[in-house]
Structures are given as structure tokens and as C-alpha cells.
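2 protein chains.
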Amino acid sequence: MSAELTLELIDQLKEAVETRDKRFIIGALQNEHAVDIAEILDNLDTDSCKYIFTLLPDQLCADVLSQLEDDTRRDFLKVFSSKEIAHFMDYTDSDDAADILNGQPVKVREEALALMNHREKSNQIIDLLHYEDDCAGGLMATELVKANINWSVKQCIEEIRRQAERVEKVLTVYVVDDTEILLGRVSLKKLILSHDDTLVKDIYSRKIPTVQTYYEEEQVVEIMQKYDMEALPVVNVQGRLLGRITIDDVIDVITEQAELDRQIMSGISEDIEADDSVWMLSRARLPWLIIGMIGGLLGARFIGFFEEDLTLVPAMAFFIPLITATGGNVGIQSSTIVVQALANSSTMMLSTYQRLLKVILVAVLNGVVIASLVFCFNLFFANFHLALVVSVALFSVVMLASLTGTITPIILDKININPALASGPFITTTNDLLGLAIYFSVAHLLF
Amino acid sequence: MSAELTLELIDQLKEAVETRDKRFIIGALQNEHAVDIAEILDNLDTDSCKYIFTLLPDQLCADVLSQLEDDTRRDFLKVFSSKEIAHFMDYTDSDDAADILNGQPVKVREEALALMNHREKSNQIIDLLHYEDDCAGGLMATELVKANINWSVKQCIEEIRRQAERVEKVLTVYVVDDTEILLGRVSLKKLILSHDDTLVKDIYSRKIPTVQTYYEEEQVVEIMQKYDMEALPVVNVQGRLLGRITIDDVIDVITEQAELDRQIMSGISEDIEADDSVWMLSRARLPWLIIGMIGGLLGARFIGFFEEDLTLVPAMAFFIPLITATGGNVGIQSSTIVVQALANSSTMMLSTYQRLLKVILVAVLNGVVIASLVFCFNLFFANFHLALVVSVALFSVVMLASLTGTITPIILDKININPALASGPFITTTNDLLGLAIYFSVAHLLF
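Residue numbers (numbering that gives the first Met the number 0), protein chains in the order written: chain A, 0 to 446; chain B, 0 to 446.
Keep in mind that the hints were calculated from the coordinates and are not lab data. Cβ atoms here follow ideal geometry from the backbone N, Cα and C, with glycine treated the same way. Treat the hints with care, as some may be off.
Said to hold, decoys possible - Output of the computed footprint for chain B on chain A, the stretches with three or more beta carbons under 8 Å from beta carbons of chain B:
{"hint": "1", "region": "82–92"}
{"hint": "2", "region": "121–133"}
{"hint": "3", "region": "150–160"}
{"hint": "4", "region": "225–239"}
{"hint": "5", "region": "355–361"}
What the hints assert, rightly or not - Taking lysine to aspartate or glutamate pairs in the DMTMM-like style, the calculated list, with each CA pair at most 20 Å apart, reads:
{"hint": "6", "chain 1": "A", "residue 1": "LYS225", "chain 2": "A", "residue 2": "ASP251"}
{"hint": "7", "chain 1": "A", "residue 1": "LYS188", "chain 2": "B", "residue 2": "GLU157"}
{"hint": "8", "chain 1": "B", "residue 1": "LYS225", "chain 2": "A", "residue 2": "ASP177"}
Could you put the whole structure together from the sequences, leaning on the hints where they help?
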């Protein structure tokens, strides 16, 4: 739906809610995709949303609820009773239900779980609530279709008929033994292509990547991406099938990770959006601004030690921005290349020694080019002595910034901090100080 | 497979190739996933790879070929004749085949297409070769399963049996009319759950998002992500079904885009990896280093105009790094928030006026905090006059850097340049100069 159409529809819906025009509301929404309806409801007040919910089919309401933004949903659910929430949960996939209930006050959560009609499902949701958000257990849903290895294709299809009622997307059929241990998978395609009396054990595929509940979401992403899987089964330590992670959830993880990396690289310390409040936006930005400020003040104190040199050669001050900017740029480039290499674990074949040699060679090459260009320029505009100081300092800054930029993300990664931090204000602040130290030391020595 | 296991296997395979130990090679590889074999072959020389290829089944070889890195594949295919390449293409999905042939010299490409056994398929590949890499046409494969709207479920399943032979993953069955116009879709699950004599027209779902061949890959990603689709059908202007884009290709697009954004934000101007040559790594980094250098030299010339002020108050130089660093940090934070908002087109409801007001409020808040902290600090370490100059300049820098950081990505986006460019050295270089101009102007006025 285009933005203009949506805005028009929102206006019409507001009017229809006021005049209680049921027919219009039902006609306008019942055939829309849940995600489109969620986008529209995001722009209506809570009471209007609740009125609209009373008119739509239960399944659609549950789907819309899963698609709402976390903040909107929290506000929205306040006007529903625990009984009503429990009713929606009966229609919601277990992983979404766990996420939704996780965002509720404990009292509402417990009441809703107790009031659900599907006992088996509420137990599954309770199990899912134990897992952290960012591990395989927190991503998986318990809805899946499975077949016993000893069944025939005919039995299998009958079972699928029964199980598929409550599974929105089948994608693949998991093959288990009598104790629910996962043995492999068989595709719907293969089942359709096989004779009725073929046995599952003769057509199933044994090779299937799995994860355990405690696997980190990064590992889940890596496996599903590497093996082009639409769904990844989750097992416990014994190999018992517990659930599956579907690709749509993994795509959300990938885009969230990328957004988080970009924020960390920009010195934003909380997950914020342009729509958040002025206070939240400021609060997320101030920590790194203050760290940068402290770096700047330390720099000021440091340059202060060289006040005499500056009084002698005021032109030295001209090149301070060149030195600090070059250090920052080189440092961020270096760390980004390392962060990227850390993310692609497949590039494991180069030894640390070879890597370091390459970093140094690239730094020498870039350092020589930049230092020479600046030297030529300065021959025209500054005296020879200063030109020499600036270029020697620049070359040293490029070398050192390359090394810190390369080593910092590796260290961060080792101590389990997101290495993307090294591609942001962290490295520019450090390199500003490093650059000033080099510049003024070189000047002090050569003057 | 773990890294250690892989390294051990590579050594064993090298030995087995030398001793022509066919049995070991076949045993070690034939049950591995194509992507694992591709990773292993990446570490062997081309002749060994070719020998191993002669031992593996054709389908597996074709799959491995699709999974190889572009550079490796180009080198690797040089030792095969056009006839042999054509043979692999007969076993490769049309989208991968088009990508592989696209990387070949024109002569090899034309010969391979002419020598393929499957005439229909080579024609489809020729069609696909016309599309740009980064549009829907360039992402789609022609392999899919479709059913006529007038068929019964029984007819439909028989047809699927026939068509599914050459389609690795069915995912969904597209419903078309007699002229191949796409009308909707029906899931395998629904087919299995329905009676044999039910008509497709009574069970298919009409609402299905589609794209045309010229859609940009960003639009494809947005649609598939929004509607949680495993496959997105591609149609021509008349609505005729041409192919489908599968989710694995879209995930690759998402991760490539994220990587590209990170590189652009870090001032890296080409798509490089840590494994690339020293020369390539330098070349990708020099452009932005040189632009930063020019900015630094302009800054030097600019400060030069105020040499007299500096001789009078050398302490002014102390705060240059603080001013430039703050401008850079604020600018990058602001632009990242805008870039993120531009990517999430759903946040369209705030007017430009409201947005701008919010940006200004956040800037005022952050500016007041930073300027006050620095002022307090400077009261102890610098004279009152200089403290005032620095804080007034800092506040102005925060305000102006917020505005340039907010406006630049919007302008870049409007003229179809990746707005992430504004979260990198582009904005830090601009803001360095802006900051210096403000600082020295304020100083000149207030001293």
C-alpha cells in the first residue's frame, strides 16, 4: 500500500470509528495483510484500535498484535483484560506469544497464561519464556510438523493433515524416532513425489544442521545463511526436537544487528529511532559526546605542555586538525576491515603473522602517499623545517592508527564486546590523543 | 564443520589428490553440503580441484560451483572447456547459471550457452543475462512450480510431480490463467489438506505481493521482509509470471548492503575484504584519506588567517581538537539517525517540521550540556574570556553539526546517492572546517 493511500484510509477509518460504521471498517480491513493493518493502527488512538479489534476475526487480530511495534503493543494491551489477551494468545504462534507476554506486567502474563484455552500451548509458551531473547531458544517456535521414521508416506500425509492445522507454514517435515530424537527431514515435495506405501526411512535426508537452545543468535544466523535454510530445527542436549527457527525471524535479527552496528559505529549508545522522545535521543548520544569531550580536554591539557613551542612557531597549530583527522580516518578504516573479517569466519586461512604484515604494508603505502603529498604542498606554504615535522608526524600517525585500528577490535572481540565499537568515536578519540602526542613530540625533537 | 576439522581434511585431501586416492576423496566429500565443499576447494590449487570434480556427481559439482567465491570461480573455470562448463550449467539453477556465465569471457559464455543440452533452460538464462545484477530481474530464477486456475487439486499435484523434478525448493505453487497471467498462490500444505476434486480456483489465495523486473533490490528486500515471504514472484508489465526471487538470495542482498554501508561509513571506497591484495586495500582507502587530507590542509590555511590572534593567545590552539572532534561526533550521530529513518519508510507519519524541531531541541540539549561542562572545567584551567569563547563555539558547533548531519543524508538520498556516505569522513571533513570557522570567528569577535 502506498503512503498516500494509507494516510487517506487512516482518515476514513477515524471517521468510521466515530460514526460506528462497522460495514466500512470490516470491508476496508478484513482482506488486508496483518502487517498493513498494524501499520494503520499505529496511527490511531487506543480506543479506536480496540473498537476495530472487536470487528475483525480472532486470527487476524492475533496476527496484527504480533506485528505491532513493541511500544505500541504495550500501550495497546493495557485496555484489554487478561482474559481477552489469553484469547488472542490461543491464536498466536508460540514464539510471538512468548515475546508479547514477555513485554507484559508479571500479573497480566501469569493470568493470561492461566486463562488460555489451549493447555498444551500455554505450557509450551511457559517453556519458551525461560530462554533469553538473543539465543536460539528465544527465537524458536514450537509449531512444526514431524513424522515418525517408521511411518509410510500415506500415514505421514495423514498426520501432516492433522498437524498442519495449527502450523501456518510447514516448510519441511522433521523426521524423529519414537523418543522424539531428531533424525533428519523430508520435504513436502518429496512426500508428494513418492508412492503412498514408501517408508519415510527410505526417502528422508539425514544431513540436517541443528542448533541447541543456548546457541547465540549470531550462530543461528550464520548456519541458516550458509546452508540456505528456511527453517532450522532446535534440539536439546539429547538431540530431542524442541522447536524450529524460521527465516523471517532470522532476517529480523540480521537487520537489527546491522542497525545496532551502525549505531555503535556512530557513537549512539542506546537502540533509538528518529521517532523517540527528545530526552531519549539526547540520552543515547550524550555518553559518547562526553567521552569525546573528555578526550578533547585531555588533548587541550596535553598541547598546553608545549605552549612554549607554540609561542615560538604559531604555525604549528595550523596542522593540528590535519593530524587528528588523518588519525581518525585511518583508524576507522582499519578497524572496519578487521570487524568485517571477524564477521566472515570463513576467511580463517591467513595466519596472524601474514595479516599483520599486510596491515603494515598497506599503512606504509598510504602513509608515504599522504605524507609526500602534504610535504609537497607545505614546501610552498610553510618553511622546510615545519613541512618535515608535519610529514614525519603524519606518516607515524598513519602507521600507529593502522595498528590500533587493527588490534582494538580483535581485543574487544576476545573479551566479548561488539568489535564494531572500535569503528566509532572510541577509536577517533584515542587516535586524536595519539596523533597530538606524536605531532608535538616530533616537533619538540626536530625543532 | 569446525575450522580444525576442515584444516585437517584439507591436508588429507591434498595427499589423496597426489596419490590419486579416489576412494578417500569420494568418501570424504560425497555426503558433504556443497557450501562446505566449496570452502574446502577454496584452499586447494586449481588442478587438484579439477581432479576432485571429475570424481563427484554432476549435480554436486554444479552446486559447489554456485557456492564458490566469484574470484575463485573465475580462476577455477579457466581449466574447463566451454563444453564442460555447459554441462555444469545444465545442472545449475537459472539465476546462479546467469551469475556464473556473467563472470566469464564473452566467448566462453556464448559457447557454453550454445552447447547446453537443455535448450529451454539456456534460453531462460539468456533472458536473465539481460537484467542488471541489482534489480528484481537480476535476482530472480525461472525455476518455479505453477498451476492453472481451472485445474483440480488432483491435476495440480500430478503437474507438481512433473514440474518439481527440476525445482529444488517448491515453497509455493503459483496460480496462473491460460495466458500465464499470475492470479495468486496456493501452498503445498493447502493442496495436501484439500480433496482431490476440489478446484484450485476455490482454494487459492488472491492476495500476493509481486514485483516487476525493474524493481530495485532494496524494494524487493523491503517487500519480502515486510510480508515474511520465502519467495516473491516477478511479473512483467502485463502481469505475466516470469520467475521468483527466493529468500536466500535476499538475505545475501541484506548482508551485502549492510557491509557496503559500513564500508561507506568508514571511508572505504571499494568493496574489499581483508584477504585482498595490499594494492587493492590501499587503493580503496586512499580516496577518502586524500579528501580528509585536503580538508586538513584547507583547515591549516584557514587557521593561518588568524596567526595574529594565535600569537596573542597561544592557548587558543589547545582547544582545536575538542572543537573538531565534537563537530565530527555530533554530525555522525545526527546523520546515522536520519539514514536509519530513511531506511524504515514506515516512520513516515511525522511532518518535516516536527522532525526539524526535534533535531533542534536535541541539539540544544546536548549543546548546553557539553558547553556547560567544558565551561566549568575551563574556569579552573584557562582564563574566563577563553572559557567563554570555547563554550560559545562548542554550542554553535553542536547546533550546526546537527543540522548539516541531518540535512546532508536527506539531500544525498534525494539525488540517489547512498545516504550512508553522510555518516562517514564526508561529514567529519566538512564539520572540521565548519568547526574551525566557528571557533576562530567567535574568538575574533570576542577577543
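Next item on the list: Given the hint that A/LYS225 pairs with A/ASP251, test it: the Cα-Cα distance must not exceed 20 Å.
Entry: holds, 17 Å
Exercise. Straight-line Cα separation of B/LYS225 and A/ASP177 no greater than 20 Å?
Worked result: Measuring from Cα to Cα gives roughly 39 Å; hence the hint is violated.
Are there at least three residues in the region 225–239 of chain A whose beta carbon sits under 8 Å from a beta carbon of chain B? Holds: 4 residues of the region 225–239 of chain A have a Cβ under 8 Å from chain B.
Are at least 3 residues of the region 150–160 of chain A within less than 8 Å of chain B when you compare beta carbons?
Since three or more residues must qualify, the claim that chain B covers the region 150–160 of chain A holds, with 3 doing so at under 8 Å.
Q.
Can you tell me if the region 355–361 of chain A counts as covered by chain B, using C-beta to C-beta distances under 8 Å and a minimum of three residues?
A. Since three or more residues must qualify, the claim that chain B covers the region 355–361 of chain A holds, with 3 doing so at under 8 Å.
For the region 121–133 of chain A, does the count of residues with a C-beta closer than 8 Å to a C-beta of chain B reach 3? Not satisfied, violated; 0 residues make the cut.
inquiry  = When I compare C-beta atoms, does the region 82–92 of chain A have three or more residues closer than 8 Å to chain B?
reply    = violated (count 0)
Original post:
Holds or violated: are the alpha carbons of A/LYS188 and B/GLU157 at most 20 Å from each other?
Top reply: Measuring from Cα to Cα gives roughly 12 Å; hence the hint holds.
Hint check: violations occur at hints 1, 2, 8; the rest are consistent with the structure.
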